[in-house]
Amino acid sequence: MEGCKLQVRHISKSFPGVLALDDISLEARSGSVLVLCGENGAGKSTLMKIINGVYQPDQGEILIDGKKVHIRSPIQARGYGISMIFQELNYIPEITVEESLFCGRLPMKFGRVDWKAVRRRTLELLEAEGLSYSPTTKMKDLSVSDVQMLEILKAVSMDSSILIMDEPTSAITLREVDRLFAKIADLKARGTSIIYISHKMDEIFRIADDIAILRDGRVVDVKPREELDIDKVISLMVGRKLENNFPKRAVDIGEEALRVEGLSSPGVFEDIGFYARKGEIVGFAGLMGAGRTEVMRALFGLDGYEAGEIRILGKRVSIRSVADSIKAKMTMLSEDRRRYGLIPVRSVRENISLSSLGKFIYHGRLHVSKENRVVSDICARMSVKTPSLGTTVEALSGGNQQKVVLAKWMLNEPDILIMDEPTRGIDVGAKYEIYKLMGDLAAEGRALVIVSSELPELIGMCDRIYVMCKGEIAGELSREEFSQEAIMRLATGLETKEEAS
Amino acid sequence: MSGIGKARAAWANVSRSYSIYIVLAALIVLSSIINPNFFSGGNISNVTRQISVTTILAFGETILIICGCLDLSSGSVLALSGLLSVASYKATLSMPLAFAVAIGVAVLCNFVSAMMVAKFSAPAFIATLAMQEMARGGALLFSKGQNIYQIGDYTNVGQGSVGFMPIPLVFLIGLFVATWYILKHTRFGRALYAIGGNQEAAKASGIRVNSVKINAFIVNGVLVGIAGVLFMSRVNAGLPNGAINYEFQGLTSSIIGGTSFSGGIGTAGGTVVGAFIVGFLNNIMNLANVNSYTQQIARGAIIALAVIYDIWTKNRRTRSLVRGVAK
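Chains as they are written, first to last, in the numbering used here: chain P, 1 to 501; chain H, 1 to 327.
Note that these hints are calculated values from the structure, not bench results. Just so you know, these numbers come straight off a predicted model, no measurement behind them. Keep in mind that a hint or two might mislead.
Facing chain P, from chain H, some residues (calculated, C-beta under 10 angstroms) [what the hints assert, rightly or not]: (1) GLN132; (2) GLU133; (3) GLY189; (4) ASN198; (5) ALA204; (6) SER205; (7) GLY263; (8) TYR293; (9) ARG299.
Restricting the straight-line Cα-Cα distance to at most 25 angstroms, the calculated cross-link-like pairs of lysine-lysine (BS3-like) are [claimed, not checked]: (10) H/LYS90 - P/LYS327; (11) P/LYS329 - P/LYS359; (12) P/LYS154 - P/LYS116; (13) P/LYS370 - H/LYS184; (14) P/LYS370 - P/LYS329; (15) P/LYS140 - H/LYS184; (16) H/LYS184 - P/LYS359; (17) P/LYS327 - P/LYS278; (18) P/LYS223 - P/LYS183; (19) H/LYS203 - P/LYS329; (20) P/LYS436 - P/LYS329; (21) P/LYS140 - H/LYS203; (22) P/LYS138 - P/LYS470; (23) H/LYS119 - P/LYS359.
Where a beta carbon is used, it is the ideal one built from N, C-alpha and C, also for glycine.
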């Protein structure tokens, strides 16, 4: 094929218990973007890890520029001009921005690291990308989106001829997405071959030249973008048709469940006031760094707040710890389930029961048989797919891990459920299940507060949306006022609610 | 799933769960070959008396390591609490008081370590290293460096028997059951595993991380205090320089027993088996007249092997998990 940079031919790979890839053949051309889509577990990441040398295929071959190659490690892959941006952010918290950028390829001079060159090139790179942080900032002081942008920058700076991006936008803001896409267009013009993995349909159709759909380890279809549309891609991905992306249910709105007034934490957020009623799904939109997560963390007792009043079911409560919050029947699903949601080495059972052990304790003794019964009930109800309740959660897929965290909070029977990025990094099928669950929870009379960076999700599921900008609530929109434009105008500070209404 | 893959996965599971039992069985067979008297009542009772003290320390280490801490001071604190307990017994001839003093002193020392860890976020390694120095110094200061002899009936605890069971073995069994129960059947136990497995997630799940850690140190203090009485009464003296490096024997037992230094994994049963492996090895080396310096090298090598084994099995496990997730 003309201009064909990378070819994989008849690749198969099995792991104990699964055939992850089944006779996969694909081609990526120079100067073009091949988008891979498929549900979690479809085999996208495994395929990319084979191309990047992390895994070896059982069968099949890889060709670069028509020549057969054996890629045995990521370092070798780099030698072939392949670089990869991983979906899960892996970084060293204690090192600085410049160290991270040049980690593993520090320029040397006379047998020592040439720190001057590092500084110079870092500044060049940061400036070229219009990023404003200092080369000596520590990674741990950066936000998730900054870290993601740096990862992208690092991969781009390696001048690779093949660039693999595994869901690079799962944690960055809309503006940064635009910048990333401009970068991709630029790289395309320079002849780079880009393989882009994403769940987000709007992105896929913005940048793809070709779209390959994987399901259950097979390539279901590869077509130029022009020959596909969103509905077709989704139905190919899941192998069935989804009637409605957002199963919003009509629910009677009840009395006020949560009211927050004047909540402030200097330098982080200021004078936050909002309410949520029983059966209502309230959204929080805003750009990264607008302070949404920080407000929720303070509300949940994870971080302190300086001033403000919280009322739950009309009663004023003081929340100084997570335990206070759980006692007040308010729980929170964190945006980073690996960091705040899961105990990876412990079992599904222990993870789910962790915050409601009181239910299983009689006279100080924890009754494991009752725990098993209750946990297996909730797993069935939430269709958590796990070999057994004793399986460690680190062995589950992202979507199932998220369900485990949700199940943990469901066991507390919360009146108010805060969800921070509830569908980040999980596949379309699992997303749909989580949306359905949100609807069920609201119908049971619980109040839901959803923080999300995916506007279609907020618009599809919420009754009201608060938009935050720079640590303050910029405005509130009711369902009939919802539109991506209205939200973005408030989020970017173009207008405040007073002007809007 | 292919048959071979299944069999291999099953074997990996078996070897991870049962390898220490196989090692223990092999050691017992080896011991009985080297020493025909190994199974004699005298030797068994002797070995259990020796093992009891370090095994009880190992229970404390297991509890602490599970929640991401450890105790480097248990040998010194054992000496200080045992010594003060002996002194109080000589003054009053009250055994209950002697126990209370030992436990009280050890709990107090551990409470101080716990405060350094919980309130000032000192790493447990450093906090308990400081306590190791302070407690040993305290013991030497109190006794002016002299051993206390003629401790009378105090010695019955360590040297006596209930029927055919040496008293230290009775304590060992009782404290094993207590540790097992704590880890398996209490909210506190679950909190320990959660904190060691992922402290931030534990906190975000409503666990009061600091108070759980403080309690873990206090439980360790109780165990160290009891071990202090057993030790001093077995050696029939108050030794300010006794039990040096016992914390390492406790740590070794715990690690060999499958407690993971990364936290979140470990059991009471594994710890007992680990402690018996260490104890029998010492016994074999003694009976085979291995020079005590060589013994020390051997013990060090065992720690190294145990840690390498832990990391190796963990890597293997993570690798297979990564595969499972990535499919």
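Outcome of the hint check:
Because the smallest distance between the Cβ of H/GLN132 and any Cβ of chain P comes to about 28 angstroms, over 10 angstroms, the interface hint for this residue is violated. Violation of the interface hint for H/GLU133 is found here, the shortest Cβ-Cβ separation to chain P being roughly 29 angstroms, above the 10 angstroms cut-off. Interface restraint check: H/GLY189 against chain P, minimum CB-CB distance 8 angstroms, threshold 10 angstroms, status holds. With its C-beta approaching chain P no nearer than about 5 angstroms, H/ASN198 sits inside the 10 angstroms limit, and its interface hint holds.
Here the hint on H/ALA204 is kept, as its CB sits about 4 angstroms from the closest CB of chain P, short of 10 angstroms. Because the beta carbon of H/SER205 sits about 4 angstroms from the nearest beta carbon in chain P, less than 10 angstroms, this interface hint is met. A least Cβ separation of about 8 angstroms between H/GLY263 and chain P falls short of the 10 angstroms threshold, and the interface hint therefore holds. Using the Cβ-Cβ criterion of 10 angstroms, the hint placing H/TYR293 at the interface with chain P is not satisfied: the shortest such distance is roughly 38 angstroms.
Violation of the interface hint for H/ARG299 is found here, the shortest Cβ-Cβ separation to chain P being roughly 28 angstroms, above the 10 angstroms cut-off. For the hint pairing H/LYS90 with P/LYS327, the CA-to-CA distance comes to about 51 angstroms; that exceeds 25 angstroms, so the pair is violated. A C-alpha spacing of about 14 angstroms is found between P/LYS329 and P/LYS359, which places the hinted pair at or below 25 angstroms, so the restraint holds. Of the supplied pair hints, the one linking P/LYS154 and P/LYS116 holds, its CA atoms being roughly 18 angstroms apart against a limit of 25 angstroms.
The hinted pair formed by P/LYS370 and H/LYS184 meets the criterion: a straight-line CA distance of about 14 angstroms does not exceed 25 angstroms. Distance hint between P/LYS370 and P/LYS329 is fulfilled; the C-alpha atoms sit about 22 angstroms from each other, no more than 25 angstroms. Between P/LYS140 and H/LYS184 the CA atoms are separated by roughly 36 angstroms; this puts the pair beyond 25 angstroms, and the hint is violated. Between H/LYS184 and P/LYS359 the CA atoms are separated by roughly 16 angstroms; this keeps the pair inside 25 angstroms, and the hint holds.
For a cut-off of 25 angstroms, the pair hint linking P/LYS327 to P/LYS278 stands: about 18 angstroms separates their Cα positions. For the hint linking P/LYS223 to P/LYS183, the alpha-carbon distance of about 24 angstroms falls within 25 angstroms, and the restraint holds. With a C-alpha separation of about 17 angstroms, the suggested pair H/LYS203 and P/LYS329 falls inside the 25 angstroms cut-off, and the hint holds. Pair hint P/LYS436 plus P/LYS329 holds up; C-alpha atoms about 22 angstroms apart against a cutoff of 25 angstroms.
Of the pairs offered as hints, the one joining P/LYS140 and H/LYS203 holds, with about 19 angstroms between alpha carbons and a cut-off of 25 angstroms not exceeded. The hinted pair formed by P/LYS138 and P/LYS470 meets the criterion: a straight-line CA distance of about 22 angstroms does not exceed 25 angstroms. About 30 angstroms separates the Cα atoms of H/LYS119 and P/LYS359, which puts this hinted pair outside 25 angstroms; it is violated.
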